[in-house]
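One point on numbering: in this note's numbering, the residue at position 19 of the sequence shown is 19, and numbering is uninterrupted.
Hint data in this document are derived by calculation from the structure and do not stem from the laboratory.
Since the structure is predicted, the reported quantities are computational estimates derived from the model, not experimental observations.
There may be inaccurate statements among the hints.
Stated by the list, open to error - Pair by pair, the computed Cβ-Cβ distance ranges are:
1. 309 x 263: 20 to 28 Å
2. 87 x 290: 37 to 45 Å
3. 338 x 311: 21 to 29 Å
4. 53 x 273: 41 to 49 Å
5. 142 x 63: 29 to 37 Å
Virtual Cβ for every residue (Gly too), placed ideally from N, Cα, C.
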Amino acid sequence: MVARATRVLVIDGVGATFAGAVAATVDVLRKGAVAAVPTETVYGLAGRGLHEDSVRAIYAAKGRPNDNPLILHVGDPEAAWPLFALDDVAMARARTLAAKFWPGPLTLVGDASDVVPAAPRAGLPRVAVRVPAHPFARALARALGEPFAAPSANVSGRPSPTTARDVLLTLDGRIELVVDGGPCRAGIESTVVDVSGPRPRLLRPGALSLLEIRHELPDLDVRAPGLAAHADDASPGLRHRHYAPAVGGTALVDDAALDEAWGDVDTGMVVRAATARRYGARAGFCAVLPDDAAGFARELYAALYRAETAHPRRLLLQAPPPSADPDDAWAAVRDRLLRASA
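Start from the sequences, fold in the hints, and give me the full structure.
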């Protein structure tokens, strides 16, 4: 465990500070330590993904149970395929999705090759891999010359950070380095798809919409991702409680509950902009997020961290609009809100 304050390197574009931060991060990782780095989804806690001591360092810094698998990040699609041992059908699915969505917020899960040790897989037979779209994350993977594992850069159970500031709220002094690349563009984790088996399966909804994936793989199984039907094939980030802010209590509620509590100054709220306009200003903490699913997702985790600093007695999270559509744009937000309030 690091006993001193964490160093922060700010990058701007892809100039000298960018190259210096890549080199500094490679140095940290090659000595077996970990660093928080920006991606297009959330900030990741990076360590060398094929080295068990580095993976253990990630688990230790996060306080994360080691039965929760990690995602391996590579710089290019061709670097991903040696990590898998896929049959022809699964490989065809993987290549179809990779050609369309990599680099980007899509994680592919499939049978692991002998290249991948047990630690990043949490002892499971399958491995999770993606090619991030953020230029720093891709440059890091290329400069490192091997995959890096990177769960969200926060203490286990807390909200995923989308800024370097929020990384430091839980990890300052626990890790050597944070690379500050500004706010994350998507603000929510990658979508996870298992390409193995009779049908490809959604394991975790995320930044990439189900509609886009189903356009490429119409037979995608989207039933009860991760938490129910596919729980035995645990996706990264689904086996334990996640996303909960450090407040008195958190609940996912409908509009009627918001109406009842609107005047309670000890109750904090996270609501959509239309709701705030309807009810007007309130004295208690109130994070007002965009009305669209992508905008709400992008700002959600930062709002949860802001709520912590306000110290409400309880925090009410407005439920997304109801929908029976399996391609509902709110699926990823609904998943995160449910688990933040579990």
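Hints, verified against the model:
At roughly 22 Å, the beta-carbon separation of residue 309 and residue 263 lies within the given 20 to 28 Å, and the hint holds. Roughly 42 Å separates the CB atoms of residue 87 and residue 290, a value that falls within the hinted 37 to 45 Å. For residue 338 paired with residue 311, a C-beta distance near 24 Å keeps the hint of 21 to 29 Å intact. Between residue 53 and residue 273 the beta carbons are some 47 Å apart, a value that agrees with the proposed interval 41 to 49 Å.
For the hinted restraint 29 to 37 Å between residue 142 and residue 63, the CB-CB distance of approximately 30 Å keeps it satisfied.
Comparing the model with each numbered hint stated earlier shows that all of them hold.
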